[in-house]
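Single-letter residue listing:
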Amino acid sequence: AQKVTQAQTEISVVEKEDVTLDCVYETRDTTYYLFWYKQPPSGELVFLIRRNSFDEQNEISGRYSWNFQKSTSSFNFTITASQVVDSAVYFCALRGGSNYKLTFGKGTLLTVNP
Amino acid sequence: DAGVIQSPRHEVTEMGQEVTLRCKPISGHNSLFWYRQTMMRGLELLIYFNNNVPIDDSGMPEDRFSAKMPNASFSTLKIQPSEPRDSAVYFCASSPDGGNTEAFFGQGTRLTVV
Chain A
2 AQKVTQAQTE ISVVEKEDVT LDCVYETRDT TYYLFWYKQP PSGELVFLIR RNSFDEQNEI
62 SGRYSWNFQK STSSFNFTIT ASQVVDSAVY FCALRGGSNY KLTFGKGTLL TVNP
Chain B
712 DAGVIQSPRH EVTEMGQEVT LRCKPISGHN SLFWYRQTMM RGLELLIYFN NNVPIDDSGM
772 PEDRFSAKMP NASFSTLKIQ PSEPRDSAVY FCASSPDGGN TEAFFGQGTR LTVV
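Protein chains in written order, with this note's numbering: chain A, 2 to 115; chain B, 712 to 825.
Don't read these hints as lab results, they were simulated from the structure. Quantities reported herein were computed from a predicted structural model and do not represent experimental measurements. Think of the CB as a built atom: it goes at the ideal place given N, C-alpha and C, for glycine as much as any other residue. Each hint should be verified, as a subset may be incorrect.
[Stated by the list, open to error] Listed next, the in silico PhoX-like pairs over lysine-lysine satisfying Cα-Cα at most 25 Å (straight line):
(1) A/17 x A/71
(2) A/102 x A/4
(3) B/779 x B/789
(4) B/789 x A/102
(5) A/39 x B/735
(6) A/107 x A/4
(7) A/102 x B/735
(8) A/102 x A/71
(9) A/102 x B/779
[Unchecked claim] The calculated label-pair distances, taken between Cβ atoms and stated as ranges, are:
(10) B/823 x A/68: 37 to 43 Å
(11) B/789 x A/61: 43 to 49 Å
(12) B/772 x A/85: 36 to 42 Å
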């Protein structure tokens with residue numbers, strides 16, 4: 002069975018603060034893929050990143066960075082210098098190597114206040 | 712490039728009526744997914760097509776739900792008869808290689824059954 006836990010239901014920060022969204026996963030697959038999606042108030046789901054289980058290098062894309070640690074089964078997402086436009090629900094998701102199905106966490110609602 | 716296109720964006724219908732949701736996947740993608748999002752259950756996979764063939768419909772909640780993919784560029788999700796508990800956001804997603812990479816989601820259809 003696969004499981005994704007996003008323990009933070011809601012986070013509220015002030016603009017320009019850094020914020021980290023936590024994601025912990027469970028899987029028995031030795032090969033798996035981790036994802037982050039963003040759901041802004043308009044409702045669509047926007048793909049942000051995919052990470053393979055065999056690649057533990059952290060990734061940075063502009064103000065976004067991701068920390069993948071297999072030892073703790075975590076795939077955390079940090080936004081540096083947050084902006085109001087970052088306000089959204091963020092979902093972490095997992096797919097086993099032999100499976101096509103995405104297992105989503107419950108999501109974290111991030112509110113960035115001006 | 713156009714993304715996944717869903718219609719309608721919003722649907723309000725009376726209990727007992729038939730509802731048809733439509734999806735046009737990204738051209739060249741061979742995998743198509745229907746997901747449902749509710750507050751209680753989060754995002755859950757309803758059905759998965761690969762090369763227009765339904766591979767896994769174990770997530771379809773009841774016989775009232777049916778999905779078709781007559782060709783590579785069109786899919787429908789039908790609910791007949793609809794019930795208030797079917798109220799949710801229904802997402803269609805596609806991916807290019809059997810679900811081995813990230814799935815790209817449409818903007819969703821918000822269904823309200825009164």
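For each hint, the structure was consulted:
1. A/17 x A/71: It is violated: about 30 Å lies between the C-alpha atoms, which goes past 25 Å.
2. A/102 x A/4: holds, 12 Å
3. B/779 x B/789: holds, 8 Å
4. B/789 x A/102: holds, 21 Å
5. A/39 x B/735: holds, 21 Å
6. A/107 x A/4: This hinted pair holds, its Cα atoms lying about 10 Å apart.
7. A/102 x B/735: Judged against 25 Å, a Cα distance of about 20 Å means the pair holds.
8. A/102 x A/71: With Cα atoms ~21 Å apart, residue 102 of chain A and residue 71 of chain A stay inside 25 Å; holds.
9. A/102 x B/779: Holds. Residue 102 of chain A to residue 779 of chain B sits at ~18 Å (cutoff 25 Å).
10. B/823 x A/68: 37 to 43 Å: Because 39 Å falls inside the window, the suggested range holds.
11. B/789 x A/61: 43 to 49 Å: Hint holds: Cβ distance 44 Å, inside 43 to 49 Å.
12. B/772 x A/85: 36 to 42 Å: holds, 37 Å
Checked against the numbered hints given earlier, this structure breaks only hint 1.
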